[in-house]
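Here the protein sequences come in this chain order: A and B.
Take 3 as the starting number for the first sequence in the numbering used here and just add one per residue.
Take 1044 as the starting number for the second sequence in the numbering used here and just add one per residue.
Think of the hints as simulated: they come from the structure by calculation, not from any bench.
Every value quoted in this text rests on a predicted model; they were computed, and no experiment measured them.
In this text, a Cβ means the ideal position worked out from N, Cα and C, and glycines have one as well.
Among the clues, some could well be false.
One-sided and incomplete, this derived list gives chain A residues near chain B with beta-carbon spacing under 8 Å [to be verified]:
id : residue
1  : R64
2  : R77
3  : Q133
4  : F137
5  : A162
6  : A215
7  : V219
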Amino acid sequence: MSLRVTRRSLIGKVGGALAGLLSLPAARTVKAAVQKVFVTAGAPKGYQPDKHKWVMGIDANRCIGCGLCVEACKRENRVPEGPYFRTWIERYLIAKPKAGSGEARGATLVDSPHGGMRGFPAPSLAREEIQHSFFVPKLCNLCRHSPCVQVCPVGATFDAPDGAVLIDPKYCIGCGFCIQACPYGCRFLSPLTHTADKCSLCYHRITRRRKPACVEVCPTQARIFGDLLNSSPDEPIQQFYQRNRVQALKPHLGTEPRVLYAGIDKEVR
Amino acid sequence: MPPQAVRLILLTVGIVGSYLVARALLTPSSFGAYGWYRGDALQELASLPMTYAGNDACAECHSETLKTLAAADHKGLACEGCHGPGQAHADNPDVKMGILHYSHCVRCHEASPSRPKWHKQIDPKTHFTGEKCTECHVPHQPKEVP
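Next up, chain A with everything else stripped away, as it sits in the complex (with noise of 0.2 Å):
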């Protein structure tokens, strides 16, 4: 095999390699210029996401267990029917400790029927056996350090910069790693995309000022959405913070999450 190279060719050669790496920036702006033109249509305009810091706090003392927020989120959504749920109510029974047990506390039951969507039905315990007993509406809990966000393979869930974690449907593989790595139970494989799916604040909502579906229908205020970095003091999410002891959930987790409650038992996890 005889290669002649010369001076000449070399540096052709060469240089025209760099002349293309070099434009490929340009192309990429090019494509990304052109992209942008399909996606924006329709969206909110004028919306930044690095302006904003949104969060949910959650009043257990003010739940009444309606559903209305489960059925608001399911049909805002478009959530599946069937067991799928983004947001969700929790009943917990907390039973007095039977006399001699030497226990500060009863057994704990939980129960969830259709995420709480059509209502409870009457508990299994009388209520003079019962020593607590409350609702807790959950959702994903915007953790700080996701576990979610740190098992995806592919990039498609994400700590977006307006605080809600989000997933991208079209990267998703549908591979589940996620929803094996959320604690809280979160997050769900749609049936019908299949691909995963979780509360996303209606981020179709808040960017449009609007708050989320569960907390526009809240007969009770016992979802408080706000953002942290537009919001005075006397606004209902900083009065949530200045009024009540909150905690989160499974804080030993180190998943610190962001949406904070109050009113709840030690039992709720």
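Go by the hints and put chain B onto chain A.
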């Protein structure tokens, strides 16, 4: 330059070049706009359609009803909590809202040991069973008698 060195250089340029070309084609253009993910996903998720319009949309036409509600015990309630999703009705008033059934009252006001004490509750088995709630209670002003 010895020919084996030239071949090595060309091969290296070829491999690195094809990697860069493949990367440029496979990486989404908005990757890295905000972080280690496709930035356009934010726009796409934000442009999904809404089903619930929100009280502000209701107030555009029904401000009187909202004023009555704001003065009554049911002031914390959203229109769509009872009346159902209203974006379709807000976009086109010819599309009617869903029909309400009085069993909706019981959804919140049925007595339950899990409900907080401050919340008004009744036992539907003993509290005027068979009567419609609206016989005695005005939904927008629950303290008034019709």
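Broken hints, by number | 3
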